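Protein sequence lines correspond, in order, to chains A and B.
Numbering-wise, the numbering used here puts 124 at position 138 of the first sequence, and it's gapless, one number per residue.
Numbering-wise, the numbering used here puts 235 at position 254 of the second sequence, and it's gapless, one number per residue.
Keep in mind that the hints were calculated from the coordinates and are not lab data.
What follows is a list of derived Cβ distance ranges for each label pair:
| no. | chain 1 | residue 1 | chain 2 | residue 2 | range |
| --- | --- | --- | --- | --- | --- |
| 1 | B | S38 | A | A206 | 24 to 34 Å |
| 2 | A | Q205 | B | G230 | 18 to 28 Å |
| 3 | A | P(-8) | B | V131 | 30 to 40 Å |
Cβ-to-Cβ under 7 Å is the rule here; a few derived chain A residues that face chain B:
| no. | residue |
| --- | --- |
| 4 | G7 |
| 5 | I30 |
| 6 | V104 |
| 7 | T105 |
Computed from a predicted structure; not experimentally measured.
By construction, the Cβ of each residue, glycine as well, lies at the ideal position given by its N, Cα and C atoms.
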Amino acid sequence: MKLNNPRIWLWIAAGIVVINGFFPAVWILLTSFKTEAELTRIPITWLPENPTLQNYVQALTKAPIGRYFLNSLIVAVGATLLCVFVSALAAYALARLRIPHKTLIFSLLVGVSMFPTVTLLLPLFEMVLALGLRNTYIALILPHAALSIPVATLVLVSFFQGIPKDLESAAMVDGCSRLGALWRIVVPLSAPGVFTASILAFVNSWDEFLLSLTLLPSQAMRTLPVGIQFLQGEYTFPWPLISAALIIALVPVALVIAIFQERVVGGLTQGGVKG
Amino acid sequence: MIQPKYRRSFGDLSERALAFWLLLPAALLLGSVALYPVVRLFYTSLFQRRLTDETGSNPVFIGFANFAQALSDERFWTALWNTLLIVLVTVPGALVVGLLLALLANLPFRVRWPVRLGLLLPWALPLVFAGLIFRWFFDSQYGVVNDVIVRLGGERLLWVTTPDLLFWAICFSIIWKSSSFVALILLAGLQVIPKELYESAAVDGANRWQSFWRITLPLLTPAILVAAIFRTITAFQTFDIPFAMQNGGSSFETLAMYVRTMSIENLNFGYGSALAVLMFLISLAVTLVYLRYVRGADD
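Construct all of the structure, not just a fragment, from the sequences and the given hints.
And the structure:
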């Protein structure tokens, strides 16, 4: 290929974006296949000499990565279901009904999404202590759900607005109640929007660290980010274990993102999410 | 004309009543775990309250004394300064890198998914994981960064234990993690710029550089502003990456880290609240700017 061929520049451009996005994950993947002996040798090796799955076995048996995974999953699924259900109701009202002070409501939503999580930390900690909910899933599910309401609502509002109002009116003329029309017409048509909102809420919860660290600190209740971060202090040379644990934690989310990338990109730009 | 007859049922609440019931669950949830905590925070900030002594159960009202204490607290000013440095370095850094990535990703590829995934993966990666991965990158003995430096004939650097180097390692990680989100926002902005503008500019003899400065950048400014404000607000809350890179240590401490240490580790609820209130107010100011100039401009 000649240098003045535009296709070679396209390849270079794509290469830069892909390498920039993937190199940390690829390096940690390579690390996860190396033995401790290989990792503590100087000069370091780049490709694993004797690839081994030992680190994965250790991560699942010696460290409770499976348990952390389950905790993360319970919290994220719980928070997503709650958040999307509640947001869908609110979004329908905001998209379809005449409501006084609508601009104010939207401003409040955006405002709440900008609250620094650390300012909620202490009052939530107090509330959770007072209610005796420390180290229970619900202590984390409620705030995680709430923190994603603004994003989910904004995404869903723009979806509901895209559904022709006539369809609903027609159903109502034909004898459907408003809620009936909502259930039979709007809900099925907005499935893609609900799905996008769900992915965003799920990823937000799956990634959250600060609240998880404080509200679910016990060994058995830690979520993945908290549990894996603590491995750093619990082992003298934690990197074989951490790298395998990171890959176990990353793969499911990476797959979801890869499969539904168009939806996610659309949702991100509509909802104006924190990142 | 025949009036449509609606079936009278539970579903035929008046529009206002229906709106009320639909908005109620979201309002309750946000009210109890976002708004009430903030009110509670302001209230607690006026009291001396430590869980480690009798003020834990009997808080003493001290007015604004906690805030006065903050103003003369050197650790607070250091943490605030560190946080501002993070904002000043990583926000422009992420905008420049993000813009570059967006321009590259906007080229007419036939297959788009690898590039899009290259932008989405850093966004989806938890901050703590990014912190851990880069902690390993910058490991002074076995890290790949030092390996490359040594191969190029340089000296090993003690990234994690030298304060200045640690700061730059943290900034690098934050910029890497946040630039792809910026790129996604800017990419959406780039894709709505009409192609005809570039074509007519080319007809008029403009080169690529000129059309970038005269067309792309001016039309992208609103998107850049949105990204800049989002980044500023999140950079101001920086916690996860420095926490993970120092394994919970605090030789480099941001405001969010200090707030957490003071309230959760030291159990000094009164003073911790005052620090959080200060942080909240600064954040709110930036948010109001955003709502006024960006959201307001859309409507």
